[in-house]
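Student: Assemble chain B onto chain A, guided by the hints.
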Amino acid sequence: MKELEYPFDSEYIIKKRKSLKKALLSDGTQRLSKKIAVLGGSTTNDIVVYLELFLLNCGIEPQFYQSEYGQYWQDAMFPGEELLSFKPDIVFIHTTSRNLTETPTTANTKEETDALLERQYAKFEQMWQKIAETFRCPIIQNNFERPFYRLMGNRDVSDYRGKSNFTARLNQKFYEYSQKTEGFYINDIDFVSAAYGLREWSNPSYWNLYKYALCPEAIPEFSYNLANIIKSIFGKNKKVLALDLDNTLWGGVVGDDGVDGIAIGQETGVAQSYYEFQSYVKSLKSIGVILTVCSKNDPENAIAGLNHPEGALRPDDFILIKANWENKDRNIAETANELNIFPDAIVFADDNPAEREIVRAQIPGVAVPAMDGVENYIINLDRSGFFEVTNFSADDLARNEMYKANAERAAQQAAFGDYSEYLRSLEMTAIIDDFLPVYLERITQLTNKSNQFNVTTKRFTPTEMEAVFKSPEYIRLYGKLIDKFGDNGVVSVVIGRKNAEALEIELWLMSCRVLKRDMELAMLDRLVERAKAAGLSKLRGYYYPTAKNNMVRDLYERFGFAKVSEDEAGSTVWELAVDGYENQNHVITVEDNSSIQ
Amino acid sequence: MDKRELYERLNDVFRDVFDDDEIEVYPDTTADDIDDWDSLEHITLISAVEREFRMKFKMGEISSMKNVGEMAAIIAERGR
Numbered sequence: 102m103k104e105l106e107y108p109f110d111s112e113y114i115i116k117k118r119k120s121l122k123k124a125l126l127s128d129g130t131q132r133l134s135k136k137i138a139v140l141g142g143s144t145t146n147d148i149v150v151y152l153e154l155f156l157l158n159c160g161i162e163p164q165f166y167q168s169e170y171g172q173y174w175q176d177a178m179f180p181g182e183e184l185l186s187f188k189p190d191i192v193f194i195h196t197t198s199r200n201l202t203e204t205p206t207t208a209n210t211k212e213e214t215d216a217l218l219e220r221q222y223a224k225f226e227q228m229w230q231k232i233a234e235t236f237r238c239p240i241i242q243n244n245f246e247r248p249f250y251r252l253m254g255n256r257d258v259s260d261y262r263g264k265s266n267f268t269a270r271l272n273q274k275f276y277e278y279s280q281k282t283e284g285f286y287i288n289d290i291d292f293v294s295a296a297y298g299l300r301e302w303s304n305p306s307y308w309n310l311y312k313y314a315l316c317p318e319a320i321p322e323f324s325y326n327l328a329n330i331i332k333s334i335f336g337k338n339k340k341v342l343a344l345d346l347d348n349t350l351w352g353g354v355v356g357d358d359g360v361d362g363i364a365i366g367q368e369t370g371v372a373q374s375y376y377e378f379q380s381y382v383k384s385l386k387s388i389g390v391i392l393t394v395c396s397k398n399d400p401e402n403a404i405a406g407l408n409h410p411e412g413a414l415r416p417d418d419f420i421l422i423k424a425n426w427e428n429k430d431r432n433i434a435e436t437a438n439e440l441n442i443f444p445d446a447i448v449f450a451d452d453n454p455a456e457r458e459i460v461r462a463q464i465p466g467v468a469v470p471a472m473d474g475v476e477n478y479i480i481n482l483d484r485s486g487f488f489e490v491t492n493f494s495a496d497d498l499a500r501n502e503m504y505k506a507n508a509e510r511a512a513q514q515a516a517f518g519d520y521s522e523y524l525r526s527l528e529m530t531a532i533i534d535d536f537l538p539v540y541l542e543r544i545t546q547l548t549n550k551s552n553q554f555n556v557t558t559k560r561f562t563p564t565e566m567e568a569v570f571k572s573p574e575y576i577r578l579y580g581k582l583i584d585k586f587g588d589n590g591v592v593s594v595v596i597g598r599k600n601a602e603a604l605e606i607e608l609w610l611m612s613c614r615v616l617k618r619d620m621e622l623a624m625l626d627r628l629v630e631r632a633k634a635a636g637l638s639k640l641r642g643y644y645y646p647t648a649k650n651n652m653v654r655d656l657y658e659r660f661g662f663a664k665v666s667e668d669e670a671g672s673t674v675w676e677l678a679v680d681g682y683e684n685q686n687h688v689i690t691v692e693d694n695s696s697i698q
Numbered sequence: 017m018d019k020r021e022l023y024e025r026l027n028d029v030f031r032d033v034f035d036d037d038e039i040e041v042y043p044d045t046t047a048d049d050i051d052d053w054d055s056l057e058h059i060t061l062i063s064a065v066e067r068e069f070r071m072k073f074k075m076g077e078i079s080s081m082k083n084v085g086e087m088a089a090i091i092a093e094r095g096r
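Sequence order for the protein chains is A and B.
Basically my numbering = 1-based index in the first sequence + 101.
Basically my numbering = 1-based index in the second sequence + 16.
Isolated chain B, as found in the complex:
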């Protein structure tokens, strides 16, 4: 999976979860950049990303990811 495809699929997940078709995510996007992205929505987001890429985040990863770039790096490694 190349980086462009990964970000396209990730974008779709974000748009679904936050119900906003305007969203564009970049490696440096953080929770501060998206209005509804609070700790509760974060759980939904993680679950939806895991489903899309058919992988699971480890507990330590979930709490340490700082931006979309770090999330994408883990997906690139284990996602499908």
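Chain A extracted, bound-state conformation:
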């Protein structure tokens, strides 16, 4: 919904909150249902109202628990029956500088101040650990905004006795905890309050009248920033940035003005702005964003523009270049197709409002940010939070390389007559074995991101996955696939729970980047082998249909399972006896963990 996209009009959202919610709830979208416990050190009602709107808008339907006013610590340390039975999927702790209980005065020595800092910090760390033990779910914690006055003026930030200095040191300790703790995220209100303007943000009337730690007009921005973390945790991030060229990546029209005539580089202020934007786009690659081009141009002109000696981007920074005279909605649809992703994983950046409108109208789900004025490009993309990083896995870093290798494989495929001949020519090796700690983050990420090749679409938080990893009840497999073009990383995960005679397959997923490589057969071979070794006589598989996983409706049938039952919703149950099973993979060499340890 356009009204809820950055840069939004907060005051409009405040006024129309009720009708916006109604419209979202009646738009027929299927949403993930998630429970969020909000433990506040100040009033949280409005925070929840706007958080709900932004989450609904990105495909998550939240339910909330809110602690009584100011009771965040008590609620976390001694949770009542209501909170315990609520069983949150996420706990959010809304504390601000208003909640600091131990702050230094100018009479304190350095040692006393250090002790205060430790005491203040310990109160929080103790609470986080208690929450992690009780609820085993991700925790989101605000850092602290700058205090709104500076007792010593400029010295307040550099002197250990200053409140500003104390707050900054406390924040630093929060960050250290965050870096060493999985599933613990900082909601950076220090940034959001500064960007909004600390003067208004901290307007004391709202604290003194309503116990709001920030002004009401700032709450939508606050909630938007928070919603970005939550949607990223639940796998709703975007993956691809599809960029227009003329007046988006450089000033002018390369087809008309010629390569020498476009504005990019260091010559003028405008050229520098485009250069800065190109550099920003290039750095998005380093957090795993896939770049493509979607431009109305002759291909030669597009490539010539991207080869401009003063530009920061190069043609090979892009996985796909769609430079032609087709309609842009068609090019975006093809981009999704060729990359094996859903259109709703794409952000389309174009300076031309008419092109944006066509794509927005024709391909629901594609994010189409406002791109008005090159000086606003970076800030609009950045604050939109499309690519919010919550987990930074090695796989994110390598993603661009992998998609590139995929494109090369596709080119080679055309040269082979027989498909299995092609598969053998890829010289594939898979490592398929029980989980290793080093892959847990990637495995968890896959359970939250995979929608298409996913029979049960069961999601796991890092803490839940940790529990599965440690439990003897499961047979777990991850699959990593390497071929002559490169390492695809961990691409498949299977989790089965052992009962008396059968292995109940609770999760079977695979990344679509390795479709049609027989990787699923290699996984099945290994699963049967492990089930036999555990003394089980059969595998039992489940398929739960969703809007996105039709491609695995008959997965178990193709595997040779027999259908046991089907309900009216289309959910099916399948069984396979392990006795007499013969391996089905003949093109991948399979190894186990000993090959990498």
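Hints are computed from structural coordinates only; laboratory data are not their basis.
Quick caveat: nothing in here was measured; it's all calculated off a predicted structure.
We put the beta carbon where it would ideally sit given N, CA and C, even for glycine.
Any given hint could be a false lead.
[As the list claims (entries may be wrong)] Chain B side only, calculated, beta carbon under 7 angstroms to chain A, not exhaustive:
(1) Asp35
(2) Thr45
(3) Asp48
(4) Leu56
(5) Ile59
(6) Thr60
(7) Ala64
(8) Lys72
(9) Met75
Tutor: Just chain B now, with coordinates in the frame of chain A:
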């Protein structure tokens, strides 16, 4: 701005905030007359009125206004 125009614009704000097109406000309307008008919605309402009339209420005014008439009097003085 005459009184009629002021009340018309105020009415629109109330209808938006409480999402109810039936609402009519008068000088003696109070929070008791409108179902959803509680202390939390009051914050939203104040913020929306401030935007509509491009003015800010003072802290003392927010806590002392007893009905829509008193709100309208302040708007008539400082609003645009």
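Student: Compare the structure with the hints numbered earlier in the document and write down the numbers of the violated ones, lowest to highest.
Tutor: 2, 3 and 8
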